[in-house]
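Top to bottom, those sequences are chains A and B. Okay, so the first sequence: first residue is 437 according to the working numbering, each after it adds one. Okay, so the second sequence: first residue is 123 according to the working numbering, each after it adds one.
Among the hints, erroneous ones may be present.
[What the hints assert, rightly or not] Computed Cβ-Cβ distance ranges for the label pairs, DEER-style:
1) B/ALA254 with A/ALA453: 55 to 65 angstroms
2) A/ASP538 with B/ALA254: 18 to 28 angstroms
3) A/ASP538 with B/LEU380: 39 to 49 angstroms
4) A/LYS450 with B/ALA254: 48 to 58 angstroms
5) B/ASN155 with A/LYS548: 24 to 34 angstroms
6) B/ASP432 with A/LYS548: 48 to 58 angstroms
7) A/GLN537 with B/ALA378: 39 to 49 angstroms
8) B/ARG324 with A/ALA489: 48 to 58 angstroms
9) A/ASP518 with B/PRO199: 17 to 27 angstroms
10) A/LEU461 with B/LEU380: 16 to 26 angstroms
11) A/LYS545 with B/LYS428: 34 to 44 angstroms
12) B/ASP328 with A/LYS548: 40 to 50 angstroms
Hints listed in this document are in silico derivations from the structure and should not be mistaken for laboratory results. Positions of the beta carbon are idealized from the N, C-alpha and C atoms, including for glycine.
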Amino acid sequence: MSNGKPTVDEVVAKANAARESLAALERDLQEDIDAIDLTAFKEKRDRTPAELAKRKELRASQSEVREGFKVLAFVTAQRLDDTAEVQHLIRRMDDVNAGLQDDLDRLKKIEKYAAIAAKVADALAKVGEKLAKVAAKGIV
Amino acid sequence: MHNRGKRARVAAVAAGLLVLAACSTADYSKPVNDFAAATGNAEQALVGLNTEVTTGYKSVLDDRILGNRAFLRAASPECLTDSKRCRLTVTSDAGNEFYPPEFPLQQMTLLMGRVNAYAGNLKALLEADTAAKVAGNVNAALGSIQNLAETVAKAGGPASTPVPAFATPAGAAVNWVVGQYVASVKVKGLRDATKAAKPVVRDAADLFALTASIIADVPRSTLAEEVSLANDTYQNDRSSKAALVKLTQAAAQYDALLTADPPQVFKRLGDAHDALADALQGGDVTLSTAISKIEAFAAEAKNLAKIVKDLRALAPER
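Chain B extracted, bound-state conformation:
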């Protein structure tokens, strides 16, 4: 009676483990890895946009300083023998500010770093080779016991029954249970983390998208001015083939930026994470839907990182 109760409890625990590990951790490896890689690219894109807005603003300050519309001097009381800092300030109609300007998105860069770390942690959780390490230790322990059993058997003399190789099936059973438990810890960890992170990542993604749409005005105005300059040259000589080619190229460059839509990548970050979290919760969203949203996000993130890089090459710091 007592034994039957114990067996029932063991069966219940094993069933619980199976349910928890029902969706194999291997199923989530690719989407979680892809999500982590794409989040890394999105972080790069945000850093790029941060640089872009700073460079754009610095060029405005440079023009004001060099055009004698702003006054540059050492910040008071800095840059003296007993000073702790030496920074420059620009004084204009807008007031005083440090020169060169500091990156404006310092806190948001930290936030994006945290989101990236989160994606990396999801990946690390799935990639932890705990089961393999545990299996190594279990097999080593059973190997020692096997040696002991064989020594004991030899002590009994040659007529003794040969020792069965119990280490392998016993080890396999222990390793299987440990493997199921480790998988359940991983899947539960993923579920809990994505559930808790869902509203935070969504809010962060919306904030990044909003910020990107505002910052995008910097490359937009730079490239709009490039088109105007090319148009000025063309209107001065409408028979010049070179001027026509330059205007066409400038317009195409600007069009590429406008159609890339920088905020889109951050919207897709939120969509991809929502889908991953929902798929893990076992709701209406399937894993394949989550995978396709993650792929769309990955493609967009890669594209934007490239565009930001190209923009930097196009408009070098003055």
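One chain only, chain A, in its complex shape:
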């Protein structure tokens, strides 16, 4: 348990135990269904009303077991989503992204400084140009 919440391992251990039971049940039901079909086939006859009724019952149980798989998957996904590990990973990923954002900001600063340097050079050059023109006219 972490912060009162189950850990990923705990959630998975419980889910696996339940899943194994469901899988065993589904396999047993399928074996019984196949046995009814195969027996009639080997004996070259149609299935008897009793066999058909039994088969219908087995199939209904099998459908319920399959619903059980869906419920188990949904509940396990919910529990995994609620573990402290997921929150921890989100925070760690945020740190990594913040580092990358710093690098992108650094590159933007380089652009900004180059633009400022260009503006300063341009302004100084224009002032210098004016002074040079004045000097050429012999005013200074």
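Got chain A sorted already, so can you dock chain B onto it with the hints?
Chain B alone, transformed into the frame defined by chain A:
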């Protein structure tokens, strides 16, 4: 003496820049772009699986409600005139819960979003056209200085020496140094980020793979039931060609899902990122190994995104 020391320092800085930028950023463009695209597809696949498990669970609740095995009503005390919310709840042997069910993987979707954002940031870092922008500004500045020099030269009269076009070689030198520096910032950024992200992405990928293997039971049980239904029809009339074709198709559909192995895509996400990070650190893993792992991940992610989409079309919400 003093000048020699300065020159040595400049040479050392330039050498440092060259070492840092030794592996060109261009070398990493394709693998990083491919990794980002594949991570986007993996995110789509996770969203698809999230929808799949919710739809599957809702169909179970629907059957219980419609089969009178669960009781549906407005949540108490909601859906009244002065209520702030209006939601429905299902009461069954399992207890009370909201209907329709909410997506179970809300936090994991956020986490996958962060991983996707990380892949996008790696791409953005490589694609930043800083050097080109800086070069534009440097050239503009040198252009102004060139004008100034020419004006000064004219002021000296016609006999004055022509002004050499110094802007081009000087600008090229400045741009080269800036370009090397920008490349070094990019490569160092990639190295640091992938190194820091390696254990996190690996843990996240393992968690997604585990979750996908659990969620995959929803489409598995749906398609297993489809095969059973087709088998029921076939066993009732083994001479029916239509029943035989339907059973064969249902089995093939289910087989395609089973062989696609949804968790595989997330395992490959972790493998591809590990290889990219290791290649950037200059360890045993080469860039070409990283590229091939990223390609395998990309192919798997695309495949799973398609399968999830097909599944949704196959089993529309009831």
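Hint-by-hint comparison with the structure:
Between B/ALA254 and A/ALA453 the Cβ separation comes to about 60 angstroms, which falls inside the hinted range of 55 to 65 angstroms. For the pair A/ASP538 and B/ALA254, the beta carbons lie near 21 angstroms from each other, so the given range of 18 to 28 angstroms is met. Between A/ASP538 and B/LEU380 the beta carbons are some 45 angstroms apart, a value that agrees with the proposed interval 39 to 49 angstroms. As the Cβ distance of A/LYS450 to B/ALA254 is approximately 56 angstroms, the hint placing it in 48 to 58 angstroms holds.
For B/ASN155 paired with A/LYS548, a C-beta distance near 27 angstroms keeps the hint of 24 to 34 angstroms intact. A hinted range of 48 to 58 angstroms holds for the C-beta pair B/ASP432 and A/LYS548, which are about 49 angstroms apart. The beta-carbon spacing between A/GLN537 and B/ALA378, approximately 41 angstroms, falls within the hinted interval of 39 to 49 angstroms. Checked against the hint of 48 to 58 angstroms, the C-beta distance between B/ARG324 and A/ALA489 comes to roughly 54 angstroms, which is consistent with it.
Between A/ASP518 and B/PRO199, the C-beta spacing of about 26 angstroms keeps the proposed range 17 to 27 angstroms intact. Between A/LEU461 and B/LEU380, the C-beta spacing of about 20 angstroms keeps the proposed range 16 to 26 angstroms intact. In this structure, A/LYS545 and B/LYS428 meet the distance hint of 34 to 44 angstroms, their C-beta atoms being roughly 43 angstroms apart. With their beta carbons about 41 angstroms apart, B/ASP328 and A/LYS548 fall inside the hinted range of 40 to 50 angstroms.
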